[in-house]
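Engineer: Listed below, chain by chain, are the residues.
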Amino acid sequence: METLAPPVVAVVVTHDPGPWFEESLEAWAGQDYPALSVLVLDAASAEDPTPRVASVLPEAYVRRLDANRGFGATADEALAMVQGASHLVFCHDDVAPDPDAIRLMVEEAYRSNAGIVAPKLVDWDDPGRLLHVGMAVDKAGAVVDRVEPGELDHGQHDAVRDVFLAPGGCTLVRADLFAELGGFDPEMVAMGEDLDLCWRAQVAGARVVVAPAARVRHLQLLASGRRELSPDLVADTLRPGHRPLTLQALQRRHELRAALKCYGRGHLLRVLPQLVALSLAEVLVALVTGHRDRAATVVHAWGWNLRRRRVLRRERATVAAVRRLADTEVRHLQLRGSARLTGYLRRALTYGLHVAHLGGPAAVAVPDEHVIASPDAPAAGRSAAGGQVGAARAGGAGVIRDVAAGADGEAAVREGPATGDPTTGDPATGDRATVGRATVGRATVGPATADPANGAVGAPAVPAGLAESPAAVAAAALAAERVARPSDTARLVVWGATTVVIVAGSRGLLGEGFPAVGQLVAVPSWSTMLGRFFGGWSPAGLGPAHPASPGLALLGVAGMVLMGAVGLLAKVVVLGCIPLGALGMSRLARPLRSPAGRMVAVVAYLAMPVAWNALATGRWDALLAYGAAPWILAQLARASGAEPFGSIAGEALAGGAGLAPWRSRVVLEVLGLGLVQGALAALVPTTAVLTLVCGLGLAAGCVLAGGAGWRRAAARVVAQAAGATAVAAFLLAPWLVWQSAGTRPWSVLLGAALPAADGPNVGALTRLAVGPIGDTWLAWGFVVAAALPLLVGRSWRQVWSARLWGVALVAWALAWLSGRGWLGASTMPANVLLVPAAVALALSMGMAVVTFDADLRGRRFGWRQLATGAAALAAVAGCLPMLAAASGGHWDLPVTGYDQAVSWTARTGDSRIVWIGDPRALPGAGWPLGRGAAFTVSERTTPDIASLWPGPSTGAVAAVGHALAEVRSGATVDLGRQLAPYGIRYVVVLGGAAPSIAGLQSPLALPAPADLTAGLARQIDLQHLPAQGGYDLFINSVAGNSVAGPVRGSDRGHGGALGGVVAVADALVWLGVAILAVGGAGRLRRRVRVPAASGAVQRGQPEPGALRATSVLGSRTAKPGP
Amino acid sequence: MPRLAAVGVVALALAGGALADHLVGRGGVASAPVASLAADAVPPPEASSSAWFCTGGTSASGGATATVTMTNTTDRPVRGRLVAYPGGVPLQVTVPARGELSVEPAGMVRADRVAAAVLLQGGGVAVTQTVSGPLGWSVAPCASSASPRWYFAHGSTAAGSSLELSLFNPTATDAVVDVSLFTSTEGTVAPPAYQGLDVPPGSLATLHLADHVQNDPAVAASVTALTGALVASELQQVGQPPHAGLALSLGAPSTAVRWSFAQSTDVTGGVVAYHVFNPTAVPAAVTMAIGLQQASAEPLPVAVPAGAAVTIVAEQQTRIPMDTPYAVTFRSAAGVGIVVDRQVEAPAGAPAPAVGHTPAVPDGARAWLVPSTPSAGSPWSLAIADLAGSPVRVTVRTLSGDPVAGFTRRTVAPEEPLFVPAPVPAPWGTLPLVVRADGPVAVEFDAVPAGAPGVVVVPSLPLAAAS
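Top to bottom, those sequences are chains B and S. According to numbering that gives the first Met the number 0, the stretch in the first sequence is residues 0 to 1121, in order. According to numbering that gives the first Met the number 0, the stretch in the second sequence is residues 0 to 466, in order.
Everything labelled a hint here was simulated from the structure, so no lab data went into it. This one's a predicted model, so the numbers in the text were calculated from it and none came from an experiment. Each hint should be verified, as a subset may be incorrect.
[Said to hold, decoys possible] Below, a sample of chain B positions facing chain S; criterion: calculated Cβ distance under 10 Å:
| no. | residue |
| --- | --- |
| 1 | A801 |
| 2 | W811 |
| 3 | L1024 |
[To be verified] These stretches of chain B come out as covered by chain S in the derived footprint (C-beta under 8 Å, 3 or more residues):
| no. | region |
| --- | --- |
| 4 | 785-798 |
| 5 | 964-970 |
| 6 | 1012-1022 |
Glycine residues also receive a C-beta, built at the ideal position from the N, C-alpha and C atoms.
Pulled out of the complex, with its shape left as it was, chain S reads as follows (with noise of 0.2 Å):
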């Protein structure tokens, strides 16, 4: 081979190669799928075995009692363990295939706070908690792994509220942990008697934020361990009767640059409001996107501080129509991560509960399950956004597998959310749901009578592929 053809051989082998690798990255392969940050992902049904931790219920007494609610999507019973906190029995228990189980930890223990640890022999299994008390009720989901960190981007404790955090270590390891908490009135606060807090394997901590913060309406917390790992709740209570609310919500394990509510409506004499909260060193600059059913809204600039919470209340929003249902989905740029909750008043005279407040989805799934609630029989909302960017179809079934009328087959498109009021009786019975999608999409569950859509969530929890 001619010299120059032997040069140019190796010449473009290297300028190939260079190029592959500034087209290909580092990476050419996607790497195997990293375990679901989301603290509330159910297990694959082949898992052989999973774990649920629930806390921020109360004993009776409480104010808010605590209903764990274990939801089986597999076609097999799953058998465990329920072990209340503090110092509970193990109980055994089993969840029939395609059903549910109910279990109220409180009456296992003889304490005001307690906590609850489901051990299962397998996956597939969704676990919930939902409170209940005179200021209504909320659901939220258990986590179904401890984190070293915890976000909660909202709390209020203005005057008659009251709001805890509570601190469940359900692991082997001693959990050592810094709250901080963000006010809207005296910024950044570290409590001394929250720092360096041990949280001894298999306990319980509550923390009383108002000894701290007091007449606060937006109150923000991080919750960092040093050491170990722990789930974190926060229950907030709000007001008298009637004009009060209960909200249990589990905390963002992280931070995330987009997050989601597939429905929200600014209803007249309500008040609905977003919290972003940015616990980062570095100021984001955040887009507050409002998808429309027929319609286009300009997306809204938010620059939130570090170390910061922004509310952003819906009313005082020109671009944002009343009594319309949209979906909202917040983006940070340059990846500064943020957490992003929404707090519901519902007009005056609205039944208990009243007010409430749901973290936002922070990314979407194509698998959800959308447990059951107590208030079975009352009509409801059911909303799907599309978060793929491109049309989804999406399917919804009931537990048993029965598809639900008009769902059969539905598409969604990226900026057109698909809000389906529902009468009472619902026309697929009772719940739990499955919806499944083609794409990732972010599922809300409303119970409308509440007062408006968005006090009371039932949060819909994504599951595994195979679920």
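If we strip away everything but chain B, and leave its shape as in the complex, we get (with noise of 0.2 Å):
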């Protein structure tokens, strides 16, 4: 019958045609569209296809080409073949375009004067799922995708729209702009061929258009590494030696000339200098971090490109014949900003900066990447993995590799190609894909599922085998935050409002340097600190001789990177605990699978009193706690083994099979974890027991919960707990040593004891009110939303639930009775020990929006949504004292602190000042003075951060103290006598963590004892200066007529040396400990990415030829991989 439609060719191009073949020609046999041709142009395959053509679609030509020269290059072969057709669709041979697409298409066409038209491309097996709609790019050309992958296709993206990429797979392009433009980019052999067609059509003056009502099957053969790319498209960059070639790479590069090659000159020259700023970032980013890969895949696009800098200007020519637009006008179609720095941070901060390197978590849990091996590689695992369906593992010649996720598997779901490795592309057909995303998600991701005690209806069931598996899990977590996702409005204001409440309650602190109260005390140069400890001598108390902390050095080097700036250290150290907290409270609530969840916890976390109290009253070692806790405790949590903890990056470096012991997992991260613990205490002593605390609170949870394994659970935890703080106790051995030699020397590291009447009570601890912030009833709120799961909670949410109030008892009752002696003469710091339990409760609440949203939907109405109702506004009032707190706009840290006070005796000469009282109020830290008070000594003003590491209390520091203990008795009345011979002039007992101002600044009181004070009134030879406001100080009547110099000089002199020696051998145990675990990590997550090649099965993942299981909405079927 005689048409009136316009002709339309189907260029169909194919390479080696795997068995779907048949069922994408029935589906172009079956179009509605009455004037279609299809013409199959074969790159050169093994097999001829022609049989297969004609016996499914007989009116079809077929064109075999001798050589594959990729999909762009064969399809151009239209150019000179076709003629009289108005439009061109250009295929690859694994699409089963729906019998009315091409109709529709061409319809669309007509209708908005496009020059391309997209279908919708939806999954082969599964159609109800989006695979893209369009795309979108940004101005370095960075491939955004409209579509979250996996994501259900409601309709929601149907309506007809601009777009600046039609992706490949299925394009219809008007025959005349196709020409005009001279076809794709030959040299574009694999990936990003289909941008720069676009990108051209677009500064000819045509449109994209995407027509979702014409829908198209994608198989994505490349991406599921399912076709092979013969490694003689890509010839010029595989020599032998060098690095395999990935997609990824390819794609950069590709991306880079349709960028240099499409932009004129003018804007060229603006866009230019950001595109190098952007690559140099990347190149230093990636080196840093020893992600070698990525480096190498920016430096490989910019070297391919300007070794083709004469072809680029011809083309370039080329572009600039066809311009109708202004560069202008076409940016108005692309993203604003960088999509790859936007999408790398957000990575950053919702999955840390591991997993933003990598490129997203399914890439750090199956982190291999699209690779073309090398020549020189080893042909392996062809027979095994080649050509199968969802199991593709090996690493022979030629062969495209993509295990399961692809190359940023989870960062491209999640983020989409921004994240850094946008498109994938089969070179042979022109595949486009979403990298690593389908498998991942269809293959290991169960349907909806109605089964309450598994999961919410709705959310996704992992099937049983695949229960451990990385890919499952994080399958299951994207399917859990469609569940349970806020808006990006709602995320935006609580972000906003979170940061705001900070922001404004910390603004008195972020100008000038904190006053000196509790341990937050000056900070020398950078030089002097590294002095210090390579000297092996330090200023604190008497200036004895013995080896100075590693956490001098540790800040003598962070001085040192910031270039001097110790006021800056400072703030850094001490304010950038509590976004660490937060980012590490972030990645600790990841595996609860719920962006809502996530995000109360760690709005949770921030808005507990722990942090605030720690600031008001100076306390550092509590800051550190609160900064790194979450940390180990999520390390501990994974080491648990226990779902969701220890599933996901953690499972990630379960390999390590065939390695050394010494580099076994369990090593390294023990290695690591003793690392931080070491750090920790390095910086201050009295946080050495937390990861023991968190560990011991963890075990506890495990037998509080029960369940299978919980034994297992428990002895992990604990070894792994022990294991670091022995670690740690051995990276600060030499300081150890030679504390052991003064007496108490626990104390130094645990705290000396505080007064017997200042133990908190139960109500204080629980509410983590051991401050001045937060000491109200509303702070029970946390306490009663985190004991939402505990109550309503099923599955793993109950169980963890459990777990988190062991942590939270242990840390409560270990205060307790620290507060009360009862664990020996040292009084563990309650700021300290409470930050576990501030961890374990805002993780409980946000394990409470997992349970509210898994556990109670569908329920009927009940006590359980009453008791969450509760939970919300308990969870409500608890975060008021916080908002209160932040009015003031310094978290209640006094403005004024000794050094202010006492500063006038730095004119009075070279003297000393021993500073008594209450271990909390003392500036630094100090030498314990029996129960309830510590002294230390500085030089002419309060101590600087020297005196966080007291040493060992021998010598003159010994003498002092018998002095001073001698007061307290009522055993000397001449003081001051004693004191001289040090050139102790000053001594100054204090009240408060801070001199009491009236008007001004009423800090928290911490009186002396009131036998120091009343000792202190007997002595005859001091002076006491009239009341100071909140501390008394006393001058000695005697020190002018006694040693005029201090000891300092005698005790520098010797044993100096020694110290420096003992210095540098403890840095270089440092060096070597973080070189084996970092390094020994790395070189375990590099194994882990290749294990097909080296003969080891990940665990959790099917192996070649298992069961590929498919979801379908509502059901779960399985069937064996082609």
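Need the complex rebuilt from these two chains, each delivered in its own frame; the hints are there to steer you.
Structural biologist: Structure representation (structure tokens):
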């Protein structure tokens, strides 16, 4: 029948088509467009496809080419072969358009006057899931998908709209436009040729639209690892000794080529510096973080294009010849900013830096990338993997390896291609696929389930056999997010409000330096700190010669990195603990699989009074613990091996089979955790027990929660915590050995005993309020809210809630016992001990959100819903004290410290000051002076940061301590005479965390023990100056008659050299352990990436030939992989 | 673990914690022993240094010539120096082991009123001061520490009486003091001259209270140092011979809720009066408990208004038997601190001193030193009162450690004080004595021949446990 429809030619490019090809041909045969012709261009397949085409589509034209030059170059054959067609449809051989697809695309081309029309690409096996509905591009050519990986098609993208990029697979192009543009860029053998064509089309004034009504199924062979890429295509880059080239590298270089080609000269001058800067930054970050592959990818992109600058010039001229639109108009269609940078930052905030560097959590879980093996790579695994659907693992020559998730996996899933590795394509067929998404999402995620015991209605269940697969868990997390993901607006509002509150609450602390309150003491220059460390001499106390803490070296190095800005260093190491803790909490809550739950956990952690009380009282140890505890608990939770914590990133490192025992995962994790704990204790010794407390708490929680495998989980947690503490002790060994020479060495590590009457009561502890902030009944809100998952949670939520309560109970119990002196002569600081409890409560609150979403949705209204409402109200109430405290602008931290109060002493000569009082009020740290008191000695003014590591109480320190102890016991009346030989001219008896100034500040009162004040009043040679406002100052009336000079010189002279040697040795040990832990983890990670090559089968992943699960909405099926 | 079990464990843990919190309180461990508030406590022998400050004495012309006596309770000689004020030259002294050393500071300075500071290179030495003159003699402990507050429950500016307050600042810090007087006739008096009174380091100020409060038989006083600390003593001189008296007493550095006298005897013709001083701003409900050896007496309630002193005359209390020794303990309710003093007048015709007054003992101790007196050989009366609430065993030895016959080991019951009147000569020889008990006791050593028990009391000084 005669038709008036414009003729259209479908150009199907094939290369070794698989068994799906007939189905694809059948789809073409079934098209209802009356003027459609099919041209099959075969790119040198090993087997002639003509008979197969003929059997299904006898009207089709077939042309076999003698070489495979990639999709673009092959498709360009149509320029010469086709005449008279109004449109060309460029297709891969693994697409199956719906019967009306071509008709609808042509209609839309005319309706929209579009030059290029893209259909809606859907999953081959599961057409209900979207693949692409057009794509967006930023100024650098980085591609961002418009749909989320695995997104179900509910018609949400069914509007016709302009897009920048019509993704390959099936694209309708106006024939005259294609001819004017000169076809695809033949140099782009794979990846990015569609971007280049669309960009040039837009420059030429053509519209690119997506017609979602036209639906095309797509198999995405390359992304799923089911199609090989001939190494001949990239022979110029595959040379012996070179690193394997990844599809990501191809994409990056072609993106760059498109950008360099399509921008006009003026605009290129503007964009090029930005591209260079972004690339340099990416390379720098990649190198610093040890991801050399990524750095090499960027370098390769630039190198490849620069080597082709002559060709590029010609191409630019060609583009200029067809240009009808200015770049500014084209740029309007592009995304603003850098999609790659934005994606990186979002991943870093969401998953942590490690995941961000790799490209996403799935990249961590299954971190392999599409790799074109170098020619000299061993041919292996083809028989096991090549061509196996969903099981491609092999790395033989010429094989495109794609291990299940692909290169960017979850990153591409969550963030889209803007995460840095936007698209890949099949060089032979031009397949475009969101890298690594499909197999993960489809193969392991179960369908929606109505089993409330295992998850919410609609929450996908994980097939039993794949329960611990990283990809499975990652995918399950993805699905869960869809259940409980707050809107972007809500997230923006919450995060914005939280940030505003914290910044506003800290506004008074951001300017000048901290007052000398508690452990917020002066920080000397970085060179001084390093000098003291390597010199083996510390001015703390009376200048004893002993190995300084490695913390001094750590701070020195940090100061050096900050180019000597020690004020900034102080801000960073103190205030930085708070965002660090929030980030850690976010990381800890990630396995909850609920962005809302994670958000609640982080906000709750920030709202709890622990950190703010630590700031208010100048407790740096508690702030450090605040920053580190979530990370430590996350590591220990992973070590427990219990779902969900033990099954994402932890299992990503589960490899190591065949490695030496000392390089096994457990050893490396213990080393890493020990390194963190060692650094903490090196900075402030009173944090030394943090990991152990967390471990014991979690183990107790395992006992409390019970369930299968609790013994193993508890044992693993305790073993790892104990191991890490032992590693930390080893790292601090030189300092500890010296320390043990003094009396009560544990007091330095754990803190001097507090006054017996000052132990916080159970109420204060459970409210986490051992300071001026949060000491109100409102703070009970956190406890109430955290109890919800324990009461109504199911499955792992109930188990983990019980475990977290175990952590909290142990922390509270230790703090209570310690406060009453029942744990020996030392008192572990309550502020530090409460941090694990805060982490546990905050995470439990996050879990409450998941519980509500997963366990209560769909239930009849009852007490559980009422309890949830009460918990929500309680959580809000718990935040109020923190909000109130924020109004002051400095979190109740006194504005005037003892440094200002006694600044005049510095003008009175070279004399020392002995500081006595409650250990919590002491500037820096000191030596214990019986229960409830401690002392330290400084020169001229308040102690500096060296006093945080007071050294052993021997020699002169012991003598001064003995004299002061006699004061307490009433055994002396001439303290001045005893202190005079040590150059001590002033005695300051502290009465609070800071001086009390009427009308200005009323700091937390921490009075010195009564016997101490009474004893000092008995001293006949101390002149008591009138009350100074919260503290007493005595002048030693006989100091001038005693030894004039301080004893520093004599002590510095001997022993310093030995201390220096020990310090250097200690630094080397730290370096060694750090290299071992970090480097070992990196090696292990890389080793896990290529399990097939090593012959190891990664746990939890289907072996070649294993059943491949395919999800279908509402049911679960499994079928053998092809 | 089932949900209920986990919830139960958590709930139980929290409830148990709250209960433990309630039971144990905020301080489960006893705090380190606070240095005794007693101004006359003897520092422990192991102390590296100790000091005593004596004030209130006079030169020979003042009628109350001071003699400082140092008693060494340790087995080693203790060296030190004695500095007489004002302006004296330090005198190096060595107190022999288990021995005594007496010095008259008045001979070292040219002043009517003298003070002394004894600085020792060790502990275990008790220092007392004896004043003697035409009106009699009296013994008072020196102070082993300065204090910012001192209270005196009683004094008299009645006709023929002289009342002096002696303020001595042995520290290196200026002391600025306020002195307030609480009289039976005018109420509280705060003479402007006694407000903001500066007592520089090493200086001595003597206040004649009769300059501001005349002819008042009951004057209580409080000394409050706004800055610094000092030592305060009161010298009371009464009447003319033969019915006269002389009393030197060290103030109480703090109030207390319990005060004791180990023995009192209301002799026929004599007067025993107790003065209960409440320097606080809160009325005190005080109970006067009377301990008899073989009987019991109903406690006597006493209401003491805020900022006032109340006098209880024993003869007017029918529940106090005449001519029978008894122990007295004053207890103040609701933690309101009080200070108690006892005034004793011997019957007419008694030899001088016939009038004296003695501060009560604020708290018990397990070891006491009864120092020497200038009137050795006179008959004495020793009393030991149990303040423990349960029977305590006591031993009495001489300073050299020899047991005292009859006192090898005795038990004292709570409500039955032990009174030991001794004939002349005393069976245990001469003083000093060391009394030890396995519970807190109060010890009083009276010079009975003075006319009546309590006129002249040899002050017992609490010893540190190791002494």
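Engineer: Hints first: check each against the structure and report whether it holds.
Structural biologist: Hint check results:
no.: 1; hint: A801; in the structure: 4 Å, holds
no.: 2; hint: W811; in the structure: 7 Å, holds
no.: 3; hint: L1024; in the structure: 8 Å, holds
no.: 4; hint: 785-798; in the structure: holds (count 4)
no.: 5; hint: 964-970; in the structure: holds (count 5)
no.: 6; hint: 1012-1022; in the structure: holds (count 9)
This entry satisfies every hint, going by the numbered hints stated previously.
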